[in-house]
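*Asks:* Chains as they are written, first to last, in the working numbering: chain B, 1 to 335; chain F, 1 to 367; chain V, 1 to 171; chain W, 1 to 148; chain X, 1 to 103; chain A, 1 to 121.
Calculated from the structure, these hints are not laboratory results. This structure is a prediction, so every number in the text was calculated from the model and none was measured. Take these hints with a grain of salt, some might be off.
[To be verified] Straight-line distance between alpha carbons at most 25 Å, and here's what the computed BS3-like set of lysine-lysine pairs gives:
# : chain 1 : residue 1 : chain 2 : residue 2
1 : W       : Lys19     : W       : Lys30
2 : W       : Lys30     : F       : Lys137
3 : F       : Lys188    : W       : Lys19
4 : F       : Lys28     : A       : Lys116
[Said to hold, decoys possible] Chain A is faced by these chain B residues, among others (derived, beta-carbon under 10 Å):
# : residue
5 : Leu70
6 : Gly116
7 : Ile165
8 : Ala203
9 : Ala229
Think of the CB as a built atom: it goes at the ideal place given N, C-alpha and C, for glycine as much as any other residue.
So the chains spell out like this:
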Amino acid sequence: MAHWLSQPLSWTTAAVFLASAVAMLLVVLLFVTYAIYFERKVIGWIQLRRGPNRVGPYGLLQSVADVLKLLVKEDVIPDRADRTLFILAPVIAFVPAFAVLAVLPFTETLHFADLGVGLLYYVAVSGITTLGILLGGWASNNKYALLGGMRSVAQMISYEIPLVISVIGVVLLAGSLNLKEIVAAQSGGFWNWFFLKQILGFAVFVVAALAELNRTPFDLPEAESELVAGYHVEYSGFRFAFFMLAEYVYVFAMSALATVLFLGGWHPPIESLGFVPGLVWFALKFAFCVFFLFWLRATMPRVRVDQLMTFAWKVLLPLALLNLFLTALVKELVA
Amino acid sequence: MAVRTEELLLNVGPQHPSTHGVFRLVVKLDGEIITDAQPVIGYLHRGTEKLAEDLTYTQIIPYTDRMDYLSAMTNNYVLCHAVETMMGIEVPERAEYLRVIVMELNRIASHLLWFGTYLLDLGAMSPFLYAMEEREKILDLFNELCGARITFNYMRVGGVKWDAPDGWIDKVRDFIPYMREQLDGYHKLVTGNEIFLRRLKGVGKYDAQTAIAYGLSGVNLRCTGVRRDVRKDEPYSIYDRFEFDVPVATEGDCYARYLLRMEEIRQSLRILEQAVAQFPKEGAVMAKVPRVIRPPAGETYVRIEAPRGELGCYIHSKGKDKPYRLKFRRPSFHNLQILPKLLIGENMANLVAILGGIDIVLGEVDC
Amino acid sequence: MTAGISGEFVAFFLLSLITLGGAVFMLSFTRVVHMVVALAFSFLGLAGLYVMLEAEFVAFSQVLIYAGAVSILMLFGIMLTRHDVDEEEQDRRRRHRTFAFVAVLALFVALFKGIVALVPAGEGKLAEANTLEIGKALFTKYVIPFELVSVLLLVALVGAIVLARKEGHDA
Amino acid sequence: MLGLAKGLGYTLRRLTEKKVTYRYPDVPVKMPDRFRGIQHFDPDKCIVCHQCERICPTQCINLTGKPHPDPTKKGKVIDTYDINFEICILCDLCTEVCPTEAIVMTNNFELAAYSRDELFKDREWLAANNTNVRSENSTNLLPGGKKS
Amino acid sequence: MTVTLASYLLVAAFLFCIGLYGALTKRNAVVVLLCIELMLNAVNLNLVAFSKYGPQPGIAGQVFSLFNITVAAAEAAVGVAILIALYRRRSTVNVDEMDTLKR
Amino acid sequence: MIEYINNYVLVSIFVLLGLLLPVAALTLGRFLRPHRPTPEKGKPYESGVEPTGSSWVRYNVRYYLFALLFVIFDVETVFLYPWAVAYNQLGLFALVEVLIFIALLLIGLVYAWKKKVLTWT
């Protein structure tokens, strides 16, 4: 990709870019399909069930069937809803989810846009999804949806702050916002990976990322036992699918981001294991992150909304700032 | 003119995932704070008590199955117990042991289901399925004993319908250590979980006086420090033969109720252990009763300790084969009354924790 | 980069269209929530223009703060107040509007003349290490404004809390 | 934090345990002998004593008798016998009172139907439902508790 | 057809004028706030444009636009807060009715 | 410069593709899915009963306060990023500056904390 990025823009390069983006889209869709399948399987196994096993061999086509069902499902828009925003909201939620993938590097060579401000791009663009969720909740003209929307937004904005501050520690160590350079700064064994040097920042990042993803134990926005389904109560068919898709694309993006920022990206844990391709290492770490999310979901109860907000501002934010200060201080003293 | 947040009138239920059946709660919200809560019941009303006036006593038994459908055995028992008291029937030893065994098993099954659904309300999915698996084992035992898994129709005036099949008692015996082990697992998975603790501790608190004033019973009363258990205080059946404790807590919050229910499972296992050990080898399971059951004219009220609290049965007989008036004191109905008081001023997120903590069964509330 | 209309121009045209379209729609919508959404699009278009001007960092700060944060703040502000106000116009308002329109038009004409008269100036190279440059400038040349920013933020935070909070007490 | 870690450990350990779900439609569920499924009715045994009809708490059993075709024999034989499974609560009381075991329980329980009308089962259907018939029937109710 | 400084400045001027017009004519205080944001953004665009094409191209324009964003954010925050406070008192968001100081 | 342009071309392709997918899928779905509206389907869900009152009500101010904190701290992070990137070349003085900067904002946070803005109830 680096080769194509340094070529002057022509129809050929544009076509290559387009092809790569389409490929990425397909990969992501495939990931989402099987992430949902895998999630259901893992949770099923943990709960002594078999998980989906009806559609296709081992239930492998279950998610495909689900998507097809959503596609042919009647699309109901409530009469009193704000039609325009109701239609627009899932799109607003999904587009940034896909757009953030443009900056994630998977290996030294396999990456897309190599922005100088990659991390900021991720943080900024992912913030727009919040808007989609709020609009979706509001446009439905449903009390549960409004409550859910308000809650999710309050939660997502509260945790965005610790999230963005916790990664500043990484930026300090790497001296760049470029994700490729951040990974490059972690080469040479797992003791150089930032999750060790940034253990506090990593902890804050994990918690805040979970909350940003609306995953258990922070899945309040769609707390089905209280708010039924949260902001997307009124959504059905493919409009609902796009909220869902956005959520899982963020699972992909956030796991990849965690791998890049803290788990050393494509670097092997020990130098001598360098003969294994970087993509494999990346995939392994990435898969672990994804599995961790599912594992948590099978274990944890849900946090209560007031405790959630308090926790973000009173615990995580000070911790993130402390981490930032300590990192800078250590760096100053060591250098 | 002070204008502030408008109040949001929200219907929680009847079609809502965490109202445990068809229960409706009209909630007024200020932001996420509940300013008023109005329970609406009756979506499951079947008029059991009125229907009973037109049924013979044997025919009423299947109806009691459907009151508290999570612990039908105790419901079966309370009716039979009331009629037996009126008619002065002596129930054979073996039948009494079978009754105690199934009632305690049913208490465990009921608490397990509560545990599972409560955790589901709180957002944890796995405990539900684990609890269901253990409950399944109990239901299988029931299935083998009386051919049904929920609506047993097992007890009869004067005894029980079926004797235990061969090897059934051994299966119950094997179940006890298994259940103990699983219970330890639950504690590992749930009880120490900080998120869980923070959601329950101090939530839905009330004191003993309030509890008594509202007529609460069972765990909902015992969590405030009142040691009241009909099995101990007015032993019925053969409960005076067993050694067991009545767990009591003083906090009066949801966490205390959780711990008590879990401890009650342990105590029930203790009773089961003793009952299985003392189980008579031989004997009838049915007393000699007249072909047509006609309690003498008069009234009687008996009470027993159901999983949800004090279950009472009042019979007014005119000497006919059908009751003149039949009334059940259903613990869920009485326990539910405190709900609005607990909810007002609480956070919306605590709603399910409090509602679930009371442990109601709508079949029993509406009856 | 091909002949004829350059890609740069197409991008500029589209982004300006989004920006100005968002702004115009903002004025013409009747629902306040729609206005905020239109404005958010306008902000995004502006961020695109910043990218074209090789100000990556400013561009994504714009996305982060405006499209992400300020829009949400505004939406919350709307949801906290009565927002279904129709902007129905009375005669008095119409006169006022006409007057405002003429004044704004005059201003635009003046600005237009000024801009057209502008001598094209040199073009700087900024793209490399944009963030680093900003960081260096911020912490050497502009230390005082930077610290003032924190004071401003503090004052805004405290002031807004004082103004908006209340409900907790007298409710 | 320790509690969370403990819980995670617990779930991880259960991940590899044997699964407990039934493969229900593929592998039929074996119900114990006493299971109360759908009744089997044997018209030849029926003496038209109406006891089952009378004991039924929901009055879902309807039966009519006719004079015995063999005029030398006294009593009646069964003419129609219907159970309305829309309201039947499977309480098992009918089999309990039947003196001749004409109506007995089977282990079959699959009653799902697309129409309510299909739930109205007549004599022929009930007679044809003769698989998995329960072996023990109501004998336990006799005082003295002799097991069958 | 190339994009010059003037193009950016024109867009900014247009944006500024839309904002100004809205701020002068709209009665809903929230909308007025939005219009002010728009005007500030127009200024920002100018700053960034000058930082690339100005007489002295340099990072200063971008730094100042950052400051400007900050000011705008603070303004929005306080503006909405004032709005809420006023609304609570007067139950309206109509700027024409917020004229206590005139009386 | 070429790389800069190419990067953003790629980003815009991603954005466009992200837009295209929902539009295409929803348009495709329009031909596949049934459309039989009934008045009941158009009603908002409220646990199976008729909803009472509109849901577009004025909402609790608490949400605004969190949004306010969010905006303020978001702006703060915008200034922290360049600092973190340039820290290698700036040294101790910049650290002190940032400390003052963070300290001032922490005062704001503590103020909010004291005024019970951060507690939900």
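*Asks:* Hint validation: isoleucine 165 of chain B versus chain A, beta carbon distance must be below 10 Å. Holds or violated?
*Replies:* Result: holds, 6 Å to nearest chain A Cβ.
*Asks:* Would you settle whether the hint for alanine 229 of chain B is holds or violated, based on the nearest Cβ-Cβ distance to chain A being less than 10 Å?
*Replies:* 9 Å, holds
*Asks:* Would you check whether glycine 116 of chain B satisfies its interface hint, that is, whether its CB is within less than 10 Å of any CB in chain A?
*Replies:* It holds, given that the least Cβ distance between glycine 116 of chain B and chain A is near 8 Å, below 10 Å.
*Asks:* Does the structure keep lysine 188 of chain F and lysine 19 of chain W at a Cα separation of 25 Å or less?
*Replies:* 21 Å, holds
*Asks:* Given the proposed pairing of lysine 28 of chain F with lysine 116 of chain A, does the C-alpha separation stay at or below 25 Å?
*Replies:* 23 Å, holds
*Asks:* Does leucine 70 of chain B meet its interface restraint, that is, does its C-beta lie within less than 10 Å of any C-beta in chain A?
*Replies:* 8 Å, holds
*Asks:* Given the hint that lysine 19 of chain W pairs with lysine 30 of chain W, does the C-alpha gap stay at or below 25 Å?
*Replies:* 18 Å, holds
*Asks:* Would you check the hint for lysine 30 of chain W and lysine 137 of chain F, treating anything up to 25 Å between C-alpha atoms as holding?
*Replies:* 14 Å, holds
*Asks:* Under 10 Å is the threshold here; is the Cβ of alanine 203 of chain B close enough to any Cβ of chain A for the hint to stand?
*Replies:* Since chain A brings no Cβ nearer than about 19 Å to alanine 203 of chain B, farther than 10 Å, the hint is violated.
Violated hint: 8 only; the structure is consistent with all others.
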